[in-house]
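Novice: Here's the letter readout for the chains.
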Amino acid sequence: MRYAETGYNLEIDLARGNIERVQTDPKLMELHLGGLGTSVKIHWDRVPPEVKPFDPENLLIFSSGLFNGTPAFSANRTVVTFVSPQTELLAYPMMGGFWSAELKYAGYDKVIFRNKSPEWVYIWINNDKVEIRDASHLKSKGALETQDLIREELNQPKAQVAAIGLAGENRCFTASIEQGRSSASRLGGGAVMGDKKIKAVAVRGTKGINLARGEEFMELMKGVTEYINFRNANPIPDVMTILSGIGSPQEMVHTDEKWHTENFMWGNARTRRRDFWSKENADNWARAQHTTIKRLISCMNCPQHCGALVSPGEGRYYMMKCFGKLTYCLAAYVDDLNFNFNILHRATEYGLDSFSTPQILAFAVELYEAGILTDKDFEGCPTDKEGRFFWLLDRVARREGIGDILADGVYAAARKIGNGAEAFDHNTIKKHEQLPLKLGTLDPLYFLMYSTNEKISITQIEGQWPQSAFPTREQREAFVKDWPQLPDEHFKQYLLDWEIKGDHAIPYYPTPQMCCEIVDWMEMLHNIDDAVCICAGMSSFCLKPPYHIHNYPKLISAATGMDLDEAGLKKIANRSRNLHRAFNNRKGMTRADEKPPEDHWKRRFPELEQELLNTYYRYKGWNQDAVPTRERLQELDLGYVADDLEKRGILKNGHN
Amino acid sequence: MATIKKKIKKIKIDADKCNGCRGCEIICSSFHATPKYSEINPARSRVQVISHRLKNIWLPVFAGEYTPAECAGRDVYVIDGKEYDECGFCRAACPSRDMFKEPDSGLPLKCDMCEGEERPKCVEWCLNDVLTYEEREEEVEEGVEMEAVEAGVESLIDKYGFDKIADTVARMSKKTLNVNKANE
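Sequence lines, in order, name chains A and B. Note that the first sequence covers residues 1 to 656 in the working numbering. Note that the second sequence covers residues 1 to 184 in the working numbering.
It should be emphasised that the hints constitute simulated quantities derived from the structure, not laboratory data. As the structure is a computational prediction, the values presented were derived from the model and not from experiment. Certain hints may be false.
Far from chain A by the CB rule (all over 12 Å, computed), these chain B residues [unchecked claim]:
#, residue
1, D98
2, K121
3, L127
4, V153
Think about it this way: if two alpha-carbon atoms lie no more than 25 Å apart in a straight line, the pair counts; the simulated BS3-like pairs of lysine-lysine are [stated by the list, open to error]:
#, chain 1, residue 1, chain 2, residue 2
5, B, K36, A, K207
6, B, K10, B, K101
7, B, K36, A, K554
8, A, K222, B, K17
Listed next, with one range per pair, are the computed distances between beta-carbon atoms [to be verified]:
#, chain 1, residue 1, chain 2, residue 2, range
9, A, D128, B, G81, 36 to 44 Å
10, B, K175, A, A233, 37 to 45 Å
11, B, E83, A, T472, 55 to 63 Å
12, A, E11, B, K36, 32 to 40 Å
13, A, K294, B, D158, 38 to 46 Å
14, B, D80, A, E226, 32 to 40 Å
15, B, D158, A, D128, 38 to 46 Å
Note that the Cβ used here is the ideal one computed from N, Cα and C, for glycine as well.
Taking the hints into account, I'd like the entire structure generated from these sequences.
Specialist: In structure tokens form, the structure reads like this:
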């Protein structure tokens, strides 16, 4: 019997219409756990570097993790993996919601799509019965609308549906995959799904998932539950509201947006408005939020309230979460939060990522104001800020006119438009739009996270370490006093000595070596979360979370029956990260790609930055070109990866 | 007839607080697995969260008594402008729908308030206080209550007829007898 995982994947060949239920090798769980870990392994084995994002051979994998469907609170993520049309690297956007648990109840851990369907289809997975069904009647329907239409059509109110909207159908590089209040948004999963002509994947399951040592697992969950209750009752003092609690940022609960609106940049990551949060704006925003939000909701088996059912107008409903609440307002320089609730509804039905897309639209507005885009490009566009954004959004989702170029994202669009447009692409890393943040002094921790991670966006790398030093010694002492999540006690000293100004402040403190240890810890936890599919909001993305390196090995052991300790779990996370890195190296990624935008910080320190990268690569066991060495790969049982990298000339003499 | 003291167990459901997470379904099905917590399958849960997300409907409903025949008519509630499912508030395992039946056998499920535990597990697991547990004592006339096994057998009788079930039980007990003898 298999525990925690079902032991079966669904392999669907869309060109031939062939569906297979394939038993997986139990050894894979021991080596890669599940979720992201086992998906990366499949991509490595089956997708050679020659494969382009829209080639039939590009695999699109929907994966659950080890804990989905079990009583582990907040195990609700679905990892979607594919070679991204935007970066041409292995992307892994994730969504919360209910989809993965349902897939496991239907008897599968992953759905692996290959090739392309000749016509629009949707997939219906109902326990042992799996069908590829005609979706011609769903074409151009909204991403949310489609989910309900499929549930009605199948007469299956409990079916969970992941769908794309028009943007995915049109292969926009920022097209998302939507599911209830959740979405796998970044890096163009919706575009790859659209390229394969899959409108939606619906699933309903009524089978069981087994736990190896259920009673022991529940005993461990008691501790997790107590800690959740403790943290919900005791927000962390001396940090901004949004970072004080657990769960993904409680944007639907809190109305205080002073920090985001005054520290994040408006427009195309351009202008800081330090005086935005006036009493008038604060009142208006609180009123808009309270009027529009109808109910606070969560994902599968999660006690938090990160999402909301919202109604921006009579009879119109959709669901939202997190920072999407204000990205369109910020990008369009619109002070009225109602604008965001309205345009986000349309963007969600189109299925467009709410991080990248608003920046793309703001980028277009800047180019127009600079005379690089002209009246001809904007023909028919309203002149007011709000109208202009709606118009541009429509053009992008439909790939009409200038929208066809913008739909490839800021990096690609800037190069296509030319004529100086490249200079306005000032907020991408590895061709992907980043958070609209422009700060003062280089932060060495963030420099490393921004530069080096496979995620290619900061939001799921950071989390466990405070974003900045605490001003007073007393605050620091209070913070480290109760910190059971730390992988090692010596980290406490790093925090105690970390000051706002002086020798022990950024950019030189934490030292490069300390930065490596801290970043490595944060990455590791994210990697484990993504393998078991626990929401980072209850683990790696927040300060002092309920799940950590000390309780994870016990929970995983009880669930799976494996005998896993901390060292063993760290090794698996490391293996997964190095395999992912090797995949991206094989796609051509090198040290030269690992750099934040020029203007990300006002005060840069080129020598220190190089030292940070050198130290980090050494720490990870990589060569100075950001490629894992043979020695490191062999330690991680990845000798076959070293062979491949050597054969391709990416690793020379095992080291250089 | 004599009167006895009966413990009335009550779960108060504050549906407005429900965030729709379905944790109650997970914990119920795993608690009732054999061995305990060895398997999770919300389709076997004795509480189901009925949801229509875009209509702002999230409604935890508990499995009640099995009924062999459906009602003569159906009801539909509209509350605060929201139209709930047909028979949406009904707890019965009934021929008119799939709810509260074992997915494989079709046998009825019934909430037993986690007999033997201090509180029902769903109440314990819901951290949003949607479910609260209360107990009180009432004086009632002594009567015989049907046990869970009886309810199951009754549903089988309804499905296959009394004779067929009686025959099957007789045949099975003979088989078991033979196996036991062989083992001796």
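Novice: Could you work out which of the previously given hints the structure breaks and list their numbers from low to high?
Specialist: 1, 2, 3, 10, 15
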